[in-house]
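S.K.: Listed in order, the protein sequences are those of chains A and B. Just so we're aligned: 103 in our numbering is position 103 of the first sequence, and the numbers increase by one with no gaps anywhere. Just so we're aligned: 72 in our numbering is position 72 of the second sequence, and the numbers increase by one with no gaps anywhere.
What the hints contain is simulated information worked out from the structure, not anything from laboratory work. Here a beta-carbon is modelled for each residue, glycine too, at the ideal position from N, C-alpha and C. A few of these clues could be false.
Stretch-level coverage of chain A by chain B, calculated; a stretch enters the list once three of its residues show a Cβ under 8 Å from a Cβ in chain B [what the hints assert, rightly or not]:
1. 204–217
2. 223–231
To list a few chain A residues with every Cβ distance to chain B over 12 Å, as calculated [stated by the list, open to error]:
3. S18
4. L24
5. S51
6. L59
7. F63
8. W83
9. Q122
10. P128
11. V158
12. Y165
13. D170
14. I201
15. F251
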Amino acid sequence: MTTTHAKVTSGETRAWRSAYWRWLVEPYFYVGPAVLTIVLVMLVPLTIGISYSFQSISLLKPFATSWVGFENYAALWSDAKFWRALMNTLRWTLGSLVFQFSLGLGLALLLNTTFPMKRLYQALVFLPWAVPTFLSALTWAWLFNPVIGPLPHWMAAVGLLSEPYNILGDPKLAMWGPIAANVWFGVPFFAITLMAALQSIPSELYEAAEIDGASAWQRFTKITLPFLAPMIAITVMLRTIWIANFADLIFVMTGGGPAASTEILSTYVFNTAFRKLDFGYASAIAVALLFMLLAYAVFLLWARRRFVKL
Amino acid sequence: MARLELKNIAKRYGAVEVLSEVDLDIADGEFLVLVGPSGCGKSTLLRMIAGLEPITAGDFLIDGVRMNDVPPRSRDIAMVFQSYALYPHMDVARNMGFSMEIRGEDRSTRADKVAAAAKTLGLSALTERLPRALSGGQRQRVAMGRAIVRDPRAFLFDEPLSNLDAALRVEMRLEIARLHQRLGATMIYVTHDQVEAMTLADRIVVLNGGKVQQVGTPLELYERPANRFVAQFIGSPTMNVFPVVSDGAALVLGDGARLAMPDCDGATALGVRPEHIDVAAAGDGLIDGTADVVERLGSDTNLYVNAGDLGMLTVRRAGNLPVRPGERIGLHLRPENLHLFDKAGLALARRA
Ligand SMILES: Nc1ncnc2c1ncn2[C@@H]1O[C@H](COP(=O)(O)OP(=O)(O)O)[C@@H](O)[C@H]1O
Ligand SMILES: [Mg+2]
Numbered sequence: 001m002t003t004t005h006a007k008v009t010s011g012e013t014r015a016w017r018s019a020y021w022r023w024l025v026e027p028y029f030y031v032g033p034a035v036l037t038i039v040l041v042m043l044v045p046l047t048i049g050i051s052y053s054f055q056s057i058s059l060l061k062p063f064a065t066s067w068v069g070f071e072n073y074a075a076l077w078s079d080a081k082f083w084r085a086l087m088n089t090l091r092w093t094l095g096s097l098v099f100q101f102s103l104g105l106g107l108a109l110l111l112n113t114t115f116p117m118k119r120l121y122q123a124l125v126f127l128p129w130a131v132p133t134f135l136s137a138l139t140w141a142w143l144f145n146p147v148i149g150p151l152p153h154w155m156a157a158v159g160l161l162s163e164p165y166n167i168l169g170d171p172k173l174a175m176w177g178p179i180a181a182n183v184w185f186g187v188p189f190f191a192i193t194l195m196a197a198l199q200s201i202p203s204e205l206y207e208a209a210e211i212d213g214a215s216a217w218q219r220f221t222k223i224t225l226p227f228l229a230p231m232i233a234i235t236v237m238l239r240t241i242w243i244a245n246f247a248d249l250i251f252v253m254t255g256g257g258p259a260a261s262t263e264i265l266s267t268y269v270f271n272t273a274f275r276k277l278d279f280g281y282a283s284a285i286a287v288a289l290l291f292m293l294l295a296y297a298v299f300l301l302w303a304r305r306r307f308v309k310l
Numbered sequence: 001m002a003r004l005e006l007k008n009i010a011k012r013y014g015a016v017e018v019l020s021e022v023d024l025d026i027a028d029g030e031f032l033v034l035v036g037p038s039g040c041g042k043s044t045l046l047r048m049i050a051g052l053e054p055i056t057a058g059d060f061l062i063d064g065v066r067m068n069d070v071p072p073r074s075r076d077i078a079m080v081f082q083s084y085a086l087y088p089h090m091d092v093a094r095n096m097g098f099s100m101e102i103r104g105e106d107r108s109t110r111a112d113k114v115a116a117a118a119k120t121l122g123l124s125a126l127t128e129r130l131p132r133a134l135s136g137g138q139r140q141r142v143a144m145g146r147a148i149v150r151d152p153r154a155f156l157f158d159e160p161l162s163n164l165d166a167a168l169r170v171e172m173r174l175e176i177a178r179l180h181q182r183l184g185a186t187m188i189y190v191t192h193d194q195v196e197a198m199t200l201a202d203r204i205v206v207l208n209g210g211k212v213q214q215v216g217t218p219l220e221l222y223e224r225p226a227n228r229f230v231a232q233f234i235g236s237p238t239m240n241v242f243p244v245v246s247d248g249a250a251l252v253l254g255d256g257a258r259l260a261m262p263d264c265d266g267a268t269a270l271g272v273r274p275e276h277i278d279v280a281a282a283g284d285g286l287i288d289g290t291a292d293v294v295e296r297l298g299s300d301t302n303l304y305v306n307a308g309d310l311g312m313l314t315v316r317r318a319g320n321l322p323v324r325p326g327e328r329i330g331l332h333l334r335p336e337n338l339h340l341f342d343k344a345g346l347a348l349a350r351r352a
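Build the full structure now, drawing on both the sequences and the hints.
M.R.: What follows is the structure, encoded as structure tokens:
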């Protein structure tokens, strides 16, 4: 490129033009379709959504639509329900994630050993994914119902509950209902991704470590975990974002109640938009959630780059 | 430092017998080399000594203590893997000091020992690199360093040089020989490269099909192979073996040539190494043949001679031999360097 440029004289302008065409213009024709698709499918809706958050759009007042600047965000800042939903989102996400991850990892480690009918068990692990979310939410809601479900009776029997009642109706405990359903639903994801990562660890490293004197626990912490770290970082990041946005189970099992005790940001967005029909405010909540998740993802990617050596 | 004893060791995977009747007594400080063709059970035997494979039958003792059921980490044996098995997420220093890290030794002791080992192996400048940023030879050194810092009772090597190029292989071979001289430790070394075996070993164990064929010093194996397999496995180019008929006082070769030989009853095959055949003018030798291919190596000349009924014979002479391909030549077999084998392939004892 530079050599072509340096040599430009009046007689070589044609060559320069064709080089210009070849290197500066032509590539954009190739990436054009992909860029266009991304813009149409992702950026346009995103921009429209974000722009809603700076407007007052309420279906109840269809003619009062107008630009309001940061008014929605100011309202958000002083909205106690928003902060409460944010805290609930944290509880929901963290509670689900911790159990999904630790049970998923445990299951992956178990499935990575050798035992009879291993393939059958590996296949069974997928099962929760084959059940529609809506159906699993209903089933779990019934499981927690003392009239038809066994769970309250069991929990009372082992002393977790004073008497068999429906925890979904107790503002203090209601969140654990959807979390339990979500753990059941999310364990396969971790189990399968982590199992794949486990299988990629060369068995010789364990043998070398064993000869170097490492105990089973030391082999786990010094070889298995570092090897799983990249997969853990990426799956935890994806899962956190999915769980934080995942309203189906809560919506079906508790509808955000009782007394808004299971209202998370994404159900709050849904309720604001489709129950109160206030799209401007709903968009502001959604944008706030988007930026928090974005900050989280950036932090996790940074941590991965900083600490993961593989 | 330790004496290792294998008593009637066998290994089976289900019904498949991989090793059987392995009896070895490895002296303290000995350099023992296991050779054999691929799949003969060398790695399996080494892994049983390390404790990575359970021993199906027989006893394995270190300094007189039975080790069959002792886990690898309690055997105090170091092993260098063919693929090196370096921990990819740890830098060179941590790889080398891993065993001390496991034992909970403090940082400064660790650093000192690692630095000393790195120095002897010429790795001092690389201690902060990850294995993926090292060349094959450097990785090999790190794997050795990891074994050295432990000061173990015995070292096991499983084809440690087979992933290196020829020049590096020679260099590392010397390195290992020096290491053994310096440490005086018991070492068991698996290879399928007979040059490595001949140059490094105090004693060589030749394995084939899961059975020990012969145990002996490199020269014993070269001069007095116990059977046809060992005879043809040790030595390069391979020993020539052809069928003969014995009449008690002489051997009759395929083409009718007679070779006077006392005590040759029962011999059905005659073996002679390429370097023990002399070349003469056509008609002057015991055997006549046509030089098919002539390989000039500078220091030596290899002739591949078509000897009619006897088949192809390999001849190796020092220097540059003035033989052209297609030329007819005569061959003399040096009687003092002949090997006789019976029907079962066992060597017949020969008088000196
Ligand atoms: N886990 C196993 N199950 C069945 N056979 C095995 C197993 N591991 C090794 N073998 C068999 O044992 C024999 C010896 O293997 P190995 O010790 O690796 O040979 P070498 O190192 O001499 O090339 C081979 O024939 C191999 O197929
Ligand atoms: Mg092997």
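S.K.: Minimum C-beta separation from Q122 of chain A to chain B exceeding 12 Å: can you confirm that?
M.R.: It holds; Q122 of chain A is separated from chain B by about 24 Å at its closest Cβ, greater than 12 Å.
S.K.: S18 of chain A clear of chain B by more than 12 Å, beta carbon to beta carbon?
M.R.: holds, 43 Å
S.K.: Taking 12 Å as the cut and beta carbons as the points, is P128 of chain A off the interface with chain B?
M.R.: holds, 32 Å
S.K.: Would you say D170 of chain A is clear of chain B, with no C-beta pair closer than or equal to 12 Å?
M.R.: holds, 46 Å
S.K.: Beyond 12 Å on every Cβ pair: is that true for I201 of chain A relative to chain B?
M.R.: violated, 10 Å
S.K.: Count the residues of the stretch 223–231 of chain A whose CB lies closer than 8 Å to any CB of chain B, then report whether that count reaches three.
M.R.: holds (count 3)
S.K.: Check the non-interface label on Y165 of chain A: least C-beta distance to chain B beyond 12 Å or not.
M.R.: Consistent with the label, Y165 of chain A stays out of reach of chain B, its closest Cβ about 50 Å off (over 12 Å).
S.K.: With 12 Å as the threshold, tell me whether V158 of chain A passes as away from chain B on beta-carbon distances.
M.R.: holds, 39 Å
S.K.: Please settle this one: F251 of chain A was flagged as non-interface, so is its CB more than 12 Å from every CB on chain B?
M.R.: The assertion about F251 of chain A holds, with a minimum of 42 Å to chain B.
S.K.: For L59 of chain A, is the shortest beta carbon distance to chain B beyond 12 Å?
M.R.: holds, 55 Å
S.K.: W83 of chain A clear of chain B by more than 12 Å, beta carbon to beta carbon?
M.R.: holds, 41 Å
S.K.: F63 of chain A: least C-beta distance to chain B exceeds 12 Å?
M.R.: Given that every Cβ of chain B is farther than 12 Å from that of F63 of chain A, nearest at about 63 Å, it holds.
Hint compliance for this structure: hint 14 alone is broken.
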